[in-house]
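**Student:** With chain A held as given, fit chain B onto it using these hints.
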Amino acid sequence: MARWLRGYLAALVISLGPGLPLLVLAEPDPADWDSVLKQATGQTVYLNAWGGEPRTNEFFAWTASQVDERFGITLQHVKLSDTAEAVSRVLAEKQAGNVNNGAIDLLWLNGENFASMQHNALLYGPWAEQLPNFRWVDADNNADMRKDFTIPVNGFESPWLRAQLVFFHDTYLIAQAPRTMSELLAWAQRHPGEFTYPRPPDFLATTFMKQALLELVPEPEKLYQPVTNSDFDAVTEPLWAYLDALHPVLLRQGRSFPASGAEMRRLMADGETALAFAFSPSEAAIAVDRGELPDSVRAYTMNGGTLANVSFLAIPFNATHKAGAMVVADFLLSPEAQLRAQDPDYLGSTSVLSVTALPAQWRERMQLIRRHPAAPSEEDLARRLAEPHPSWVVALEDAWLQRYGVR
Amino acid sequence: MKRKLAKKNFVLPLAPILLGLLVAGPVALGLLMILLPAFGYLPAIGQETLSWQSWTALFDTQGLGQSVRLSFVAGVVTPVIALVSVILFLAATAGTALDRLIRRLVSPLLAVPHAAAAFGLAFLIAPSGFLSRLISPGLTQWQRPPDLLIINDQLGLTMMLGLVIKEIPFLLLMALAALPQLDVPRRVAMARSLGYQPVLAWLFTVAPALYPMIRLPLFAVIAFASATVDVGIILGPGLPATLSVRILGWFNDPDLSMRLLAAAGALLQLMVSVLAILTWLVLEKLIAQGWQLWQASGNRSRFNRSLKMMGFTGLSVATVLLLLSVIALLINAFAGTWRFPSALPDAWTLRHWETTLTSLSGPVINTLVISFVATVLAVILVLAALESEQRHGRSRFTSLWLLYVPLLVPQVAFVFGLLVFTEFMHWQPGLVLVILGHSVFVVPYVFLTLSAAYRRFDPRWAQIGLSLGASADRVFWHIKLPMLLTSSLTAAAIGVAVSVGQFLPTQLLGAGRVPTITTEAVALASGGSRNVIAIWALMQTLIPMVGFILALAIPQLIWRRRRAMRSVT
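Top to bottom, those sequences are chains A and B. Using the UniProt record's numbering, the letters of the first sequence correspond one by one to residues 1 to 407. Using the UniProt record's numbering, the letters of the second sequence correspond one by one to residues 1 to 569.
Same shape as in the complex, but just chain A (with noise of 0.2 Å):
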């Protein structure tokens, strides 16, 4: 039963002819960037990345303009609404024993769905630190472009963007906002229901977490080793109290949360809560512009400093395209595109090279633009966290589910 039905299916499919016979390319040789170009030229690139900020999906359509113009690429963006989508794809092609024609050239990730597809063999590399623009990072001074949550990158992602945990508040509603995780609770049982945050498995939810217990917690160093290392229970005890709480002060009584950034950014426009966060420096200043909050939000970082990681670029192990992919990262990496990036009228974001290592005229450049009322300022910036090890993502999103996950 099974092989004739099998044979009708794929009589079925043949004689539709969807699949043609691939050629397997040569994997590309980083280090001879001319013949990376060349084998990149009339590539079709499958860009697998979150599809769910209209600026950034624009800056996507703006790098397949350029990559187009320039190398004769053309750049597919696969709009994710959760990059561990593409993770579950790229491991169902090594299943079924695709090992040259995956369907993603190209991923966005960083944290947890890196370090789960590096332990399960599924990345290619390495190949990041060959790019020619990866010098811009310069990243002898920057230990952060070569680590992601604490893991080694080993030259398997290519740095792309820097984001930064960033809390916000409508002026307008309540003049006063906390400055650290403990003000914030007193602050919010003196305002109840004005606070919320996003639930697990979304990542604002664990990044929360993480936020409050690099400050709650005695001996933070601990965080940065994998949880194994530690008494768990010990060490997040004050985190639970913290919680504890904190959640009959909030929103619906903490009865229900939102499911993620952008729905805990919508309870905000709807005047239903006063604070808020993102992972994003410009988020609020993005959404100011488009009249999506009204222009009393303000945004700013804790006193003692926020999460901040960065975001990569990687290429799965069976990815068609590979050369092609690699000149996307580098073109993404280029001064020029950098500076889009930054620029709050495009992207808005922060860019991962080091200022001092560019050219003067870039530099120049970079340091002209304008920063938005809504936006951070520098120096709020400037307090950066680094973000602890990624096995304590899973404890904490269990542990959180463990104790609030049914109400």
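The set of hints was computed from the structure by calculation and includes no laboratory data. Remember, predicted model here, so these are calculated numbers, not experimental data. Be aware that one or more of the hints could be misleading.
Unchecked claim - Computed footprint of chain B on chain A; a stretch qualifies when at least three of its residues, placed anywhere within it, have a C-beta under 8 Å from a C-beta of chain B:
#, region
1, 87 to 96
2, 268 to 278
3, 282 to 291
As the list claims (entries may be wrong) - To give an idea of the chain B side of the interface with chain A (calculated C-beta under 8 Å), a few residues:
#, residue
4, N252
5, T355
6, S359
7, V420
Stated by the list, open to error - Distance windows between CB atoms, simulated:
#, chain 1, residue 1, chain 2, residue 2, range
8, B, G336, A, T74, 28 to 38 Å
9, A, Q402, B, D147, 20 to 30 Å
10, A, A175, B, M309, 46 to 56 Å
All C-beta atoms, glycine included, are put in the ideal place defined by N, C-alpha and C.
**Tutor:** Leaving out everything else, chain B in the frame of chain A:
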């Protein structure tokens, strides 16, 4: 020409087989491919021994019981409310102006996809939503939204409301399609002559005959309500979420071993849906007995008034909610800043459209191509199968149960398995696979809509044609097809609507490379503003709507000189 026709006759008997396989084959394959990981076999992550481990892990999952209960309750309560509303409405309003109005609205309402309706409803009834803004601060004194848990409530009431307002038009359309076969006026007249009030007369004589004809669509509603993903995400509770939503989360978990749990969960989902249907079968028996007792009591006058009231209100409320949801989407698509108590936006803007338009074209074209090809394929296959059935007798392959399989088996349960299968076969993900995937869901609906009309078609028309010396093919092309044009087009419009709403098959079988309006809308829901989501949701509604309008307009145009042909169904 002659030769072509002869060849076609040879192919025709194969049509029902092809139809059955296209529909049931992928489901069977998908379930098979999910069975292995559910019992611990997933070589890609080094799991190669069969075990019960994923099942013990599944049953250890926090709040699993609650998730299962939510799915199960939604699977039973939603169809009960939808069915009662539809039956009472038909009984209470037969022949009234409201009846005619709703009949006209039912197709356009069916065009609103579940996700779009859910987004609209969420904004409509949230504490800071449209209804609250309309009465604030005037009636309520609210300067800030009240802190009430309405959306994502723990009992899933809002989720069920969202499902009910979408399932009512579906069941109503199915009932309206079946009613002409029942000779309603004579049945009612007979009961009236025995002294029954109009509503009771309808309930006693028509409802028992109608019910078996809409039973399968009802089972589809049960399966859908117990396994919905998009409505569950938007309106359902989060702590914990419904079973189907959690399964999707497990499949997408970066910890790849969670896929074993997800596979087991997918089978559990199948069991929950089956259990909901079994519960329904028991309920059905009980109600049938109660009904008989009621009928046998001979009571002729009681409840007429209250039943009539219920019939009017239930469906009207649902219709108004759905319409208001669409209006809420429309307002949001043009809204600038809109602080809370303002009933209408403080500023109107076209900016959301300007920024969205550039990204709309690709997905809109994909959506049109996919839904058109899948629907044309489905209509041709269904027509061929039905014609073959009339010439060569009924085939096992077009038995309704078989065709209903994709609607009765929850999508989350087999689409992931299907993905594993296509990977295994080394089929390139893309447009062709997506179209085939959509056909699996389009065919049953097209068959359902078309078969009733086709089988009802007066055989004497064909007999006249044949007796005048025309071949069976000629009869098909020159008599049946023209007379069944309206039905075929309505079926096609429903097919398009079904195709446009598909998310899982599009995203998975297309490797995300075939963006449609629905996949874009869902991706944006994770980060986009409500204004942009509203635009995508409206586009999601617009395409099926245009389909329904065309289905109505084309016969009017073609038969503009033959009025009698326009009403042939």
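**Student:** Take the hints in turn and mark each one as holding or not.
**Tutor:** Okay, the hints, checked on the actual structure:
| no. | hint | verdict |
| --- | --- | --- |
| 1 | 87 to 96 | holds (count 9) |
| 2 | 268 to 278 | holds (count 4) |
| 3 | 282 to 291 | holds (count 3) |
| 4 | N252 | holds, 4 Å |
| 5 | T355 | holds, 6 Å |
| 6 | S359 | holds, 6 Å |
| 7 | V420 | holds, 6 Å |
| 8 | G336(B) with T74(A): 28 to 38 Å | holds, 37 Å |
| 9 | Q402(A) with D147(B): 20 to 30 Å | holds, 26 Å |
| 10 | A175(A) with M309(B): 46 to 56 Å | holds, 53 Å |
In this structure, none of the earlier numbered hints is contradicted; all agree with it.
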